[in-house]
Amino acid sequence: MTKARFESIGAYIPNKRVSTAELTASMNIPPQFDLEAITGIKTRSWKEDKDDSYTMAIDAANSCLENSKYEAADLDIIISCSIARFVGDCSYYEPPMSLFLKHKLGADKAIFFDVSNACAGMFTGLYLLESMIKAGIVKNGLVVSGEYISTIAETAVLEAKDIYDPQFGSLTVGDAGAAVILDKAVDDNDVIDCFNLISTPEYSDLAIGKPSNDSNRYAMYASNSKMHTEERLKIWPNFQIDMLAKEGKDFKSEQFDYIIHHQVGSKFVERLLKVGKEAFSAEQPESLNVLEKYGNTSSTSHFIVLYEYLKANKLKDKSKILMVPAASGFVTGFLSMSINNLAVK
Amino acid sequence: MGTIIKATGISTDNAIKSSNENAVAAGHQCIEAAGIDVNDIDLLINVGIYRDENMLEPAMAAFAQKGLGIKPDYIKSQPFNAAFSLDMMNSACGIINAIQTADAMFKSRQIKYALIVSGDAHPSNKDLESFPYATVGAAMLLEYTEDEKGFQNFSFKHSPTTEHSVRGYLDFNNLAEPAKERLTVDMPAQYKEKLLEFACESAEEYLTANNLDRQTVKLITPQAEEGFGHKIAQSVNVKDDAILDLYKEYGDAHSSALTMAYHLGAEKGLYNSNDNVLFVAAGAGLTSACATYTV
Numbered sequence: 001m002t003k004a005r006f007e008s009i010g011a012y013i014p015n016k017r018v019s020t021a022e023l024t025a026s027m028n029i030p031p032q033f034d035l036e037a038i039t040g041i042k043t044r045s046w047k048e049d050k051d052d053s054y055t056m057a058i059d060a061a062n063s064c065l066e067n068s069k070y071e072a073a074d075l076d077i078i079i080s081c082s083i084a085r086f087v088g089d090c091s092y093y094e095p096p097m098s099l100f101l102k103h104k105l106g107a108d109k110a111i112f113f114d115v116s117n118a119c120a121g122m123f124t125g126l127y128l129l130e131s132m133i134k135a136g137i138v139k140n141g142l143v144v145s146g147e148y149i150s151t152i153a154e155t156a157v158l159e160a161k162d163i164y165d166p167q168f169g170s171l172t173v174g175d176a177g178a179a180v181i182l183d184k185a186v187d188d189n190d191v192i193d194c195f196n197l198i199s200t201p202e203y204s205d206l207a208i209g210k211p212s213n214d215s216n217r218y219a220m221y222a223s224n225s226k227m228h229t230e231e232r233l234k235i236w237p238n239f240q241i242d243m244l245a246k247e248g249k250d251f252k253s254e255q256f257d258y259i260i261h262h263q264v265g266s267k268f269v270e271r272l273l274k275v276g277k278e279a280f281s282a283e284q285p286e287s288l289n290v291l292e293k294y295g296n297t298s299s300t301s302h303f304i305v306l307y308e309y310l311k312a313n314k315l316k317d318k319s320k321i322l323m324v325p326a327a328s329g330f331v332t333g334f335l336s337m338s339i340n341n342l343a344v345k
Numbered sequence: 346m347g348t349i350i351k352a353t354g355i356s357t358d359n360a361i362k363s364s365n366e367n368a369v370a371a372g373h374q375c376i377e378a379a380g381i382d383v384n385d386i387d388l389l390i391n392v393g394i395y396r397d398e399n400m401l402e403p404a405m406a407a408f409a410q411k412g413l414g415i416k417p418d419y420i421k422s423q424p425f426n427a428a429f430s431l432d433m434m435n436s437a438c439g440i441i442n443a444i445q446t447a448d449a450m451f452k453s454r455q456i457k458y459a460l461i462v463s464g465d466a467h468p469s470n471k472d473l474e475s476f477p478y479a480t481v482g483a484a485m486l487l488e489y490t491e492d493e494k495g496f497q498n499f500s501f502k503h504s505p506t507t508e509h510s511v512r513g514y515l516d517f518n519n520l521a522e523p524a525k526e527r528l529t530v531d532m533p534a535q536y537k538e539k540l541l542e543f544a545c546e547s548a549e550e551y552l553t554a555n556n557l558d559r560q561t562v563k564l565i566t567p568q569a570e571e572g573f574g575h576k577i578a579q580s581v582n583v584k585d586d587a588i589l590d591l592y593k594e595y596g597d598a599h600s601s602a603l604t605m606a607y608h609l610g611a612e613k614g615l616y617n618s619n620d621n622v623l624f625v626a627a628g629a630g631l632t633s634a635c636a637t638y639t640v
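Residue numbers (my numbering), protein chains in the order written: chain X, 1 to 345; chain G, 346 to 640.
Quick caveat, the hints were computed from the structure, so don't treat them as lab data. Everything numeric in this text was worked out from a predicted model, so none of it was measured. Heads up, a few of these hints could be off.
Simulated crosslink set (PhoX-like; lysine-lysine; CA at most 25 Å straight-line) [as the list claims (entries may be wrong)]: (1) G:LYS494 <-> G:LYS457; (2) X:LYS109 <-> G:LYS457; (3) G:LYS452 <-> X:LYS104; (4) X:LYS139 <-> G:LYS452; (5) G:LYS494 <-> G:LYS362; (6) X:LYS246 <-> G:LYS471; (7) X:LYS42 <-> X:LYS249; (8) X:LYS246 <-> X:LYS184; (9) G:LYS362 <-> X:LYS3; (10) X:LYS161 <-> G:LYS525; (11) G:LYS452 <-> X:LYS109; (12) X:LYS109 <-> G:LYS502; (13) X:LYS246 <-> G:LYS576; (14) X:LYS3 <-> X:LYS161; (15) X:LYS277 <-> X:LYS246; (16) X:LYS69 <-> X:LYS16; (17) G:LYS576 <-> G:LYS471; (18) X:LYS249 <-> G:LYS525; (19) G:LYS452 <-> X:LYS134; (20) G:LYS457 <-> X:LYS134; (21) X:LYS234 <-> X:LYS184; (22) X:LYS226 <-> X:LYS274; (23) G:LYS494 <-> X:LYS134; (24) G:LYS452 <-> X:LYS184; (25) X:LYS210 <-> G:LYS452; (26) X:LYS3 <-> X:LYS316; (27) X:LYS311 <-> X:LYS277; (28) X:LYS42 <-> X:LYS139; (29) X:LYS249 <-> G:LYS471; (30) X:LYS184 <-> X:LYS318; (31) G:LYS525 <-> X:LYS210; (32) X:LYS277 <-> X:LYS184; (33) X:LYS210 <-> G:LYS537; (34) X:LYS184 <-> X:LYS345; (35) G:LYS576 <-> G:LYS539; (36) X:LYS139 <-> G:LYS502; (37) G:LYS502 <-> X:LYS134; (38) X:LYS104 <-> G:LYS539; (39) X:LYS3 <-> G:LYS457; (40) X:LYS69 <-> X:LYS320.
So here's chain X without its partners, still in its complex pose:
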């Protein structure tokens, strides 16, 4: 069966940074905790006045097209995946963001839809697109997310009380746009090897994003301590072990060079690496992170990491990369891929 590959990747990272010190200094109730020490996040990327979900998606898509052999007019499908869908001060339900993007980019023949799946939005878009390429329904497609999510951090600054506050986690987020074009793999050097996602909504009420009860902004209410129990974190390795076993493989034999976890915070990534090491009985690959600079850019976070490492030319040739989503819902899984020619200009 046909396989898919990452043909190109692009990003838009706003120039504005908001430091953890700045953010906590402006909190209504002075924090009794060292947020930077807990999360490892020194600064987070932050939307500039000109930015919204739409413009960040356009800027990321254009960046991706600059790194691609395709023009917008060549695209068979556009899938927009951001959590909020802001055009100006309005968050849209219809028409879909993907239609606005299609018109602006001039992707005349592309079919389109939006997906919404919390921080697993881009993984979801890629999962569907990979299936469509494998099934021969499309030849290529653009998965894009313009993630303007810092509004929940602003709400937390006003409303969060302490480390146990359900809005505490919102202080980690940053804004960014990311885009990926997939097409058919032509060799084994650039290919999505294995890609599976799982939703386990037993505890879906533990992380809810919606307008605040107390102010005119979105807020995120998450019981991180309950959501990130060791049992919950083990869903990823247990799921990957089972899926690999179906193909007669195991984690060690996959020989991953790098692993990219969701950029929620350094302690969270460390815990996942530990859980992975124990469950797989294998050393974990080198963990790639940009959270210190950009924070948790939600649906774009793994792709901002990949983009930054490619841009800095820090990945070795013929790399095998494992990406692990972790999103409200709870959604996890794994995307493993080989890359060789994927490059950022």
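Guided by the hints, dock chain G onto chain X, whose structure is given.
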């Protein structure tokens, strides 16, 4: 080989004001009608647009998956017993995108059943005149068979600009109500007229391009206003005896409209084996989506 409808369900109870509850109620009815083991559902797509409390995350599909008891927890399940759920949004055309996506998943992955649910509601869960859509839910269970039946020839079309489109959004500049109960749906005066024109044009192009027999094909259409389906049928010269006028009773069921029309039509025995049923969706954009379903 094709993706076929195993069963459908709808929820039209006026007492239910929540989009999630309607999606789950329709899903229960659908699964019960199919008589399948809920653990055999591997994919759940919610195509509803307007959410309770303007919720951003998780996906509303997560609540539907939990509400329907579809493999909610991996640890407690058997290995490989995993499901994936997501929200897909494309106004009233999302149902066709979701069917095409499920078709791709059947062809490329080992999934047994895919469930598509929908439900729209005003975020306040109140009946408000400013909300132009019906608070109903629908569910469609799909499976893949080796027969030469099922959905084929998916086609999508959009107008050159969004000038005449309905626009639904949460406006953070408008402080009239708390944001979790606030919604603006701007429907231009000519929207429904333009939508009808666009749906007719799309159906006409599709019928011609796919060489469908206009004497025998049966139509499933949006119900944006009274007589909408009949007008489309007349415009494209297709018999309209299989079209149910649902607007008077239910209003505009939006993301649930096509599933609901199929469900009620099937109940009335309108579709026979080997019939070609043309699904025509049309909504914001303007956007249309067509697919042929061979029963």
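Distance restraint between LYS109 of chain X and LYS502 of chain G, which requires alpha-carbon spacing of 25 Å or less: holds, 9 Å
Distance restraint between LYS184 of chain X and LYS318 of chain X, which requires alpha-carbon spacing of 25 Å or less: holds, 18 Å
Restraint check for LYS161 of chain X with LYS525 of chain G, where alpha carbons must lie at most 25 Å apart: holds, 22 Å
Proposed proximity, LYS452 of chain G with LYS210 of chain X (alpha carbon, max 25 Å): Violated, at roughly 36 Å.
Pair hint outcome, LYS525 of chain G versus LYS210 of chain X [Cα-Cα no greater than 25 Å]: Answer holds: LYS525 of chain G to LYS210 of chain X is near 7 Å, not above 25 Å.
Given pair status - LYS502 of chain G, LYS139 of chain X, alpha carbons within 25 Å: Distance of about 19 Å is within 25 Å: holds.
Given pair status - LYS274 of chain X, LYS226 of chain X, alpha carbons within 25 Å: holds, 18 Å
Given pair status - LYS246 of chain X, LYS277 of chain X, alpha carbons within 25 Å: Status holds; Cα separation ~20 Å.
Restraint check for LYS249 of chain X with LYS525 of chain G, where alpha carbons must lie at most 25 Å apart: violated, 47 Å
Satisfaction of hint between LYS134 of chain X and LYS494 of chain G, Cα-Cα up to 25 Å: holds, 21 Å
Pair hint outcome, LYS3 of chain X versus LYS457 of chain G [Cα-Cα no greater than 25 Å]: Distance ~21 Å between LYS3 of chain X and LYS457 of chain G Cα, so the pair holds.
Agreement of LYS452 of chain G and LYS109 of chain X with the hint, judged by alpha carbon distance not exceeding 25 Å: holds, 23 Å
The structure does not agree with the numbered hints 2, 3, 5, 6, 7, 9, 13, 14, 16, 17, 18, 21, 25, 27, 28, 29, 32 and 33 stated previously, though it agrees with the rest.
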